[in-house]
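**Q** Protein chains in written order, with the working numbering: chain A, 491 to 791; chain B, 8 to 424.
Not one of these hints is a red herring.
In silico lysine-lysine, PhoX-like type, Cα no more than 20 Å apart, as pairs:
(1) K555(A) with K414(B)
(2) K86(B) with K320(B)
(3) K642(A) with K244(B)
(4) K342(B) with K362(B)
(5) K642(A) with K264(B)
(6) K264(B) with K181(B)
(7) K181(B) with K155(B)
(8) K264(B) with K155(B)
(9) K362(B) with K155(B)
Rather than coming from a laboratory, the hints here were simulated on the basis of the structure.
As the structure is a prediction and not an experimental result, all values here were calculated from the model.
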Amino acid sequence: MKKKQNLGSFLSSDPRALTLLTLPAVILFISFVVVPIISGINISFTNWNGYSQSYSYVGFDNYRKMVSDPQVWTAFRNTLIYGFGSTFIQTILGLSFAMLLCSKFFFRSAARTVIYLPAMVAQLIIGYIWYFIVTYERGALNDILVLFGADKVDWMSRGMRAVIIITIINSIAYCGKTMIIFIAGLQAIPDMYKEAASIDGANGWQTFRNITIPMLLPAFTTSLVLNIIGGLKMFGLVVAMTNGGPGYASHSLSSLINNLYFANQQAGYSAAVGMFSFAFIVIVNVLLNKYLQKKEMQYNG
Amino acid sequence: MKKFLVFMLISLCIILPAAAGGSSESSDDGLHGSLTVATNASSPTFEAVEHVIELFMEENPGVEVEYTTYGSDYENLMKARMAANDLPDVFATHGWAVNRYAEYLMPLNDLELSSRIAPSVINTVTTDDGSIVAMPITMEQSGIIYNKTFLAEAGWDHVPRTLDEFYQCCEDVKALGITPVYVTGKDTRIQANMMDIMAVSMLITCNEAGDNAEALYNGTFDWSKWAPVSGFITELKDRGFMNVDATTADPIYTQEKLAFGEAMFNFNNQAMIASAWELNPDADLSMMPVPAFHEDDDQIWIGGERECYGIWKDSPNRDLAIALLEFMARPENVKYVCDMAGMPAGFVDIDSEQKLAEDYAQFADLQIYPYFDREWLPSGMWATMRTIGGALTAGEMSIEESCNTMKDSYLALMAQQ
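Isolated chain B (complex conformation):
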């Protein structure tokens, strides 16, 4: 018995320090240790970043980096890990660097890379006290994905400029026998995204917006004003502009619907165009700005950080994590990821080759605004938007009920802050 206990104790003494691992020392002969890096990225962004990390390990043979994607489970897993205060050394912040993750992130202001972050995106990774908490490799400049061939076939020589034009264009495309707006409602992210984009145009940037933004910040917003945003979903549904299975289709179909010309519009970011091109490089797809709410309003872009990494402030491997971020931020590496992912760079002076550059250039004078929920709503409203988006598409909820649901959820989440 005694012998057995002694044996067990000795084994533990040997195994534990070995299993704990992750110790980072920077000695004279280079970096040593191991790092865990987590993201929610999917192909092709994931492969691009993975390649850059492999280059980092080649340059530093003493370093082992474990790079994993949690895919669509990312947010849930990260919430559980935040609750336990046990996070990966480096992790992706997917648009929530400030509103959700800031409490757990290390400020990067002292690093050289922070001075090269693009001005159009730096605000989305900077907290109120001026700390830059994450590093955006790519950024997003999104509106609505559309098929250029169908636009021409429907008799349009320009993309719809206003909401009325957008509906008219849907009508013309429908007459050609093509699904105007492809919605995959089994995962209600798509409807939430549609409202998230349209809400900026309808509540913030239109001329009638008044003090909506201020009211949303301080909790006095009149939620009956949300009606046109919900109305956008019901209008598309009622006029037959959505696919028949809009409430039940799985998002796995989006890629091929866009690639093989079975849908005109889709509300996703550039990454979806890039993955459609993987299936069919000739798909005539592009991105148009969000239509203006009224005739005298401006079109807008929606954007912010995309593939963006921060360092856990309590990471035992901070030096190593900083070295990795600095390596990833080198211009040639940023350019590589941007080219592969088909996304604009989050850093200045990156000369990446964008297939859509010409189309974007036409709208160079339009302003880029953040997603509605990331800037004007408390963290957690995304799920409410998913719920009402799904219910509105299915006809299970009226516009008025959806406004009330938004209001209740908003007040509950504001109270948490």
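Isolated chain A, as found in the complex:
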């Protein structure tokens, strides 16, 4: 009992002592974020194979090689499509569902649950479920085509088509998350603005364009940032649905990094691609945050 008081008085004696309480978080951050990043940078300058006890330094060779490697650029292009494509579709779907499910009707809660449910399932599982829908042999989609007398299609056999299908699946599966963010945003809009608008004779579109959208900007910021990061880190769906194939045509940067590190035994090169991916995500997010903050200031400030 006495000890407790001592600890309490120690913490209250000096406000700076309170910073001690952040220690557990700082230790975790250092060991699981800072150290891996530093060791990743270190590995990216070596030719390590990923398992041997010895390796040698090769300077900037890995970074130079990256510039002319078609695999990296294909994966980079795909990553952009996964990131921005899914964000675009997810935002439209999420906002539509949110608007729909904010109005009162009988099955509202059930409908919200059903739309949100896939977002709770891991990407890999979603991927395997969809694989059996789009697969050539006994795939559900092809079975439907055959039912209508059409020929079966090998959906994932062309690179760009596979990338687009994965983007759409990602958007459908995870639009529930976006919907939840927008519902919260919509519920925070005070009714008085809409009432004032309707008294002024604004129609539905005008209310949506001039009141709902500006008031939803903070929700947009949150959902855009989360969705873009999610899309840029795309991994599970690619592995489950195409494994990066055909060839390397549907790899994202994350699945390519995984493939280079473990399968290709080029841990050094893989780390270099990882650093590139890391830097890219940071830059995109800094720019995006700046832009959206400016927009919010314009409307709110």
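Starting from the structure of chain A, add chain B where the hints point.
**A** Showing chain B alone in chain A's frame:
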């Protein structure tokens, strides 16, 4: 507070030694301790080895062996564990005993079992300095899986001897409405395996091979010579000899396609025939040698170690691990695994019953060569072969690009050595 700390310390003192476990002592009343054994084997080999390990534990009641399969994640997990220098006491080397795992394996030369390893496979588990680093229970003698009934129906009284005959046979089978070559490209291992086998015939054993083998060892190989190997994939694809979904089919379908006669040829080892027989014991399947590249070349077999175990050199339970390996190497146990797995034995004087023995006997005078990547390429090229194999099947890469990709990857990996 103080009381709590003391309590925690005492608890730790009790828990830690218990959790550390794995201590092996061989006292007078038998062996004691625990062992971890890891493999990538799947059914039926896994069950067979598991049974042998259970017998070992029955004979040594003081020993606890944890036998697990990591399946297709095996290589990745083992690479991570090698990087951390923390390996299972005993682990499977799946063809890479020398080129990848040797650095971590204990030499077995002093054990009696090393003198009984079959001569046809001993080189694949022996390092340059003569250390035998792993023990092959089963070995592989592979070529191309084929369906005997379809071969006869297509009007053939012998298996295709040359590459041209192979293409002709595909044509004849296709005319019957059967998929000539079944490829499951969602996992590009299959295409890599096709090239891995054909490359030996096209680059090493054919009469035109010249000094290719030497050039591959010392890094001076002219990679434009790889073109026919890539060409094998594009030829099969372009002439419609592969299944329509060759780029996207999942390997889980192979077993039933072979079992129920929906495909003629497949590039896998005997284990796939054994698992097809699990679904349909009457499936008329067999194994044929790799066709010769040209008319005047010889057919060949591809082989090497299959279910093969080594001991981690830093294992704290070495004595126990040695005892387990010696037990597994007993002739009756080797025979049991071979019979169950449908694979030839990696030891001499094992009288195992092979369903395919008669078919193999027809080609008894053919030579067995190792897989191309295990012998003539640096470790890590397998993934490159998977990449180009997938891209060639999908038509996303030209033959020339595939040669260049092989060259770049080869030079990068040679530089690591």
